[in-house]
Structure formats: structure tokens, C-alpha cells
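Peer 1: Start from chain A and add chain B according to the hints.
Order-wise, the sequence lines are chains A and B. Numbers 1 to 340, taken from my numbering, label the letters of the first sequence in order. Numbers 1001 to 1391, taken from my numbering, label the letters of the second sequence in order.
No wet-lab data here; the hints were simulated from the structure. Errors might be hidden in some of the hints.
Not the full set, but computed from the structure, chain B residues with beta-carbon under 10 Å of chain A [what the hints assert, rightly or not]:
id, residue
1, Ala1020
2, Phe1140
3, Leu1147
4, Phe1247
If you're wondering where the values come from, they're calculated on a predicted model, not measured in any experiment. Note that CB positions come from ideal geometry on N, CA and C, so glycine has one too.
Spelled out, the chains give:
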Amino acid sequence: MKKNVSKLISTAAVAMTVSAGAVAGTLDDVKSKGFIQCGVSQGVPGFSNVDDKGNWTGIDVDACRAVAAAVFGDAQKVKFTPLSAKERFTALQSGEIDILSRNTTWTYTRDSSLGIDFTAVNFYDGQGFMVRKDLGVNSALELGGATVCTEQGTTTELNMADFFRKHQMEYVPVVVQKADEAVAAYDSGRCDVFTTDKSGLAAHRSKLGTPSDHVILPETISKEPLGPAVRHGDNQWKDIVTWSLFVQVNAEELGISSSNVAKVKKDSKDPGINRLLGSEGNMGEQLGLSADWAYNIISLVGNYGEVFETNIGPKTPVGLPRGVNNLWTEGGVMYAPPVR
Amino acid sequence: MSKNNSTTNTSFLNDAGNRALIFQALLLGLVVFVGYYLFSNLQANLDKQGISTGFTFLNQPAGFPILLHLIEYTEANSYGRAFLVALINTFVISLLGIVLATIIGVLMGLARLSNNWLIARLATVYIETLRNIPLLLQMFFWYFAVLAALPGPRNSFILGDFMLNKRGIYSPEPLFQDGFGFVIFGFFVGVAASIALIIWAKKRQSQTGDWFPAYWASLGVIIATTFLALVFTGFPVEFNVPELGRFNIRGGMVLPPEFVAVLVALSTYTGAFIAEIVRAGILSVNWGQTEASRSLGLPDGLTQRLIVLPQALRVIIPPLTSQFLNLAKNSSLGAAIAYPELVAVVMGTTLNQTGQAIETIGLCMLVYGSLSLSISFFMNWYNKKMSLTER
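Here chain A stands alone, though its shape is the one from the complex:
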């Protein structure tokens, strides 16, 4: 019930916002209130998760921190709003949050009719299935007749329906309001299968009693490019969020990390690096930011590779391989336009 109330309030807020304020000037709004309001998940380890001291970590969290570093020169000037899948777009539309960074898939319908704009992709994902090992299932094509649990209000719901229809397999859908409760229903044996993005499967598996009792099936049934989104119509703000991520990808490509960025800035003779780090010209001005915006992102949050390794890389409990999310120079698809 509480959720419905908050949704009503958001809707009412859409109804009453004065026309001009809602669309343009997010940067000015953010500067005057002194922090960025960032919409994240209610707990997906590695993407956005809160610890017992109230600290948020994850690659989606770092996407917001990077923007804060660019705008304020302080990566901590972010406040987080945990959102369920079904609340997230209303929260962004109504102005409750400034950035939606909640492992959200970039799709045509969302970009064109929800009044939001996707900025860039910070994780290339795809939907998969998780089952109990003792069922002896080796392929998603053997799932005919199974009961499938998933979270409500996601692309997952539609992909699952399309997949089973395409292969003419019967199934029983159990669609639960929150991800945690969907996992609980799977864990209790209500379902044979839990389905979401593969990164999410790995993250949720790490929270189960005995993670090794569950296998993620090899099939990837959809493309799920995940990334931060902003309100439609504020181009300046969209550019800031987009380029905050691009700076991190470019930094990794140029070999600049949080540990060496100060030294690189002092010693570099490379005009491209000097432009990026603000020791030559003022690239930040065009976005309404200071000259050292990119320097701040790299020194306070790190480059894309660092963010990946500390949150979801092979050495973390989530343990995802870099795979397709590697740089284009390393065989992946992470490619950012140049800063010039």
C-alpha cells in the first residue's frame, strides 16, 4: 500500500510541476541543492547494494558518483533512493531523482515513450536462467513445463514469454513484486527456474544458502544493455552523465587510473591527455563544469576497469568475467568516443 501511495504522490507531482522547471536545468537544480539524487536498486550485489553502515557500492552507484565528482569535485555528494523495478520510471519522470542508475535495460519503447533518455551503456548483459543442479537440466531448451519465477515490471517478463512462445514450450509464470521475494519463492521450491539478467543471476546466486547448488544455464536469450537514464529534454544534463562514463572508458584505454592520474597530469606531454585532464584548454566549460572535471572522476571514482574489478570482477563474490564488457582493444565492445 505504501508503494502505491508514493506512486500517487509522484503522479500528482507530475501533474503539478510548473512546466519549465521539470525539463531544463537539472545541472542548476543539482548545484543549488548541493547533491545528486540517484535512483538505484533495492539491493543487487555488485550493481547497487547497501551495507550495514548505509554505504552504497556497485557499478551503478559509481556511475552516479562519477557525475558527482564531475559536478562537485566530490564523489560523496550523492543521495540514493532505492527503487523497485516498477517504481523506477515514475520516480525519474516526476523529478524525484536526477539519474536513474538501476541496472535498467535500454530499449526502444522506454527511450521513445517514457519521457526518459538513456545516456550510455555501463554493462552489456543478457537474460539467462538459473536452476537447481539436481534437476539435471543442461539447456534452456529443456525447460518445457517448468514453473518460472521472475520480478515484476522488467524486460525479463516479456523476454521470458517470447522465449517460451518461440520454442512452443509450456510454462507456469510466477511474477513477484520484488526481486528478493522472487528469489525467496525460487529458493523455497515454488519455482524450478529463476530468470533475470545473467549478471543479476550471478549476484542473487551469491546470496543463496549454497550457491554451488544452482547452475546458470548457458543460453542467453536477449540483449540487455544496461545503463543510466535521465529525463527527456535536458540535453546538458544528459551530456554530463554520458560523458562522465565515456571519460572512465577513455581513461582505461589510455592507461590512466585513480592511482596514477596525479602523476600523469603532472608529467604528460600528450596533448590529448592534457586536454582530458584539464591542464590544457577547458573542455569542462562546454558542459558547464570546471576544467578538472575528468581529473576528478578518475581520481575519485577510477576508470571503468577499476570500477568493474572492485564491484563485479572475478575476485569479488559476484565473480563475473570481463567478457564482452572488455575494451574494444581487448576484444570486448566497450568503446567510447574521443574527448576532443
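Peer 2: Chain B only, in chain A's frame:
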């Protein structure tokens, strides 16, 4: 007289009647203006933000599955059809919940008044426990603690062709063959005969005072005519029996645990409140009525049914109505445990796929509003019917 006064003594603006009219017109104008301002501002904002509006999305294919649908539904159907499926699910759970909660409430209310110490104490414990635990918590309890503790599909409890496991209650599905129409005909013949029988019995009792067990007899008549028709047509029903597949029980009919959990939670929770209402209603009937009934020689059962309950109903019905309204609205909590009712399907999945918050939430408010209003209209009618008629 006031007319005279206004023409002779007071000016137009100082007349109380005119003033009232002017202020009401001003207020109405203000309400209309604020409404128009909000609506046009909303339209402008939605346009500016590029959010699609209107109800055309209802014709587009939904593409998502629904666990429980009482009418034909597949992913290829429209959002409108999905809305209808959810609406039916909400209606079914509300109506069944109201019936069950009333039965539980009346039984528990009577039990709490029982002279038997154990029964009265048990009823007290039931009422005080369930009334004081939040409903959402009770739903989680039934769904995650009780029903999930049942065995998996491979180790189902089996009773003949019925099976019970954590995926639901499975029963054989009757498949009606040619000639079943005759059986339905037989059933309705039985119903018609029973109505005639009840009318006859009432008439005879008021004329001669002789009592005839018309309700039990008519039950017998209905069963007999239906059964005769079945024998006559050679049992035109086959059964699709559930059996174990690779993952699940396949075939047959299934009652999913989400449905059971919501129904049990709603009816036991509301039943506890109704029990207290029933108890209060019965206690409000003067003890002298019972004593008078006994001195006429009526047994305890008839005393309750004919003397006490009809008088208690006048006190019971108004608060009972608000419990029914609560139950219908509380059914929306089923969304939390995957029961596909209105909030889950329309305000959950549909809203998220289409992004049209205003339209979907408006639809839901309209439905709950009209559901509640119809329940309250019906109960007001019933209240009027039961109220004291003085001759």
C-alpha cells in the same frame, strides 16, 4: 416572505438566498478552474517530456503471461484483455473472501459467546491473534511459511486423483461431452421444483402451523434430478487426470498457492473482525428475548435463528459493510505474493511496459471505487430490508 423582504428592505447582495447562490457558483467555478488548470498543465507537461498519453495502449498486444486466468488469455492478447483478466481475479478473490469471512466470522462470534469454556477461549485466542497482526505479514506467513513447507511436486500428497504440493492443489478436470446440456437442464428443473416446494411449505405453515423441512427436501430434489439426468444420458463427463511431468504436475486443474494464500489470509483476518461485530450484535439483543423464546418452548438453535439473529442483524449490518469494503480493497495486497490481481497486472506490469502511470492508476482507482460503491449500495439495500418495519 423573504422575497418580499428582499424587494422592499434589502439590496440584492444582502439577501441571504442570493448570497448563498453566488457563493456556491463562485466555489463551483473555482473547482472547475482548478480542475481544468491541473488537467491542462498535466497534458502540457506530459507532452513536453515526451510521455505518451491516452488509452490506445489497451489495444496493443500485452506480451506478458498471467499465472491465473479464468477467461482465455495468452501473451498475444491485448493489454485490455489482461486488464479484464486481472479484474476478474480481483472480483473472484473479493467475493470468495467475503463469503468465507462471513462464515468464519459468524461461527467465531457465536463460539466466543459459547457456554463451553474451551470453545469460547479458543475463539478469543483466534480473534485476538489475527486481528492484531498486519495483513501483509499474514499473507507472507501463509505463502512463505505454510504453503512453501509442503512437499515438492515429486513427493506430492496423493489422494485418489487429487494431489497437493507446494505448486498448488491439483484435481481432475471434467471434460463435458455431448449430452451434458441435458444434465444442466435436469439441474434447473430441480431448482424450479425446489422454489415451488419452498413457496408451498411457507404457505402451508402460515395456514396450518405445520412445519415442513423444505430446504433439506429441496436439496434432495436438486441432487435427484441432476443425478437422474446423468444416469439417463450415460454420464457424459470424462476426466483429465493430473500426472507428474518432468518439472511439474501436468494436466488436470490447479489451484495455485498464491490464490490459496491470499484467500486464506483475507478471510481469516477479516473473519476475526466480523466475529467481534457479530458478538456485539448478539449481545445488543435484550436477554429477555431469549428468555421469552425459551418459555415458548423453542429449542436453543431456533431461538438463535428466529429470534436473536434477525434482531442482531440490524446492529451487525452497518459495520459489516465496512469490513466487506476493507476486504475488497485489501485484496490488492495479493500483488506482494504474486497473485495476479488488478494492482499487480495493471499498476505493476502494464504500467511498467507502457509507462502510462496516469491512465493505469486512473483505471485502478475507477475499479476499486466502483467495486466499493456497489458493495455499499447492496449492503444499504439489505440494511433497509432488515430494518425494523413497524406495522
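Peer 1: Looking back at the hints listed earlier, which ones does the structure fail to meet?
Peer 2: Structure breaks hint 1 only.
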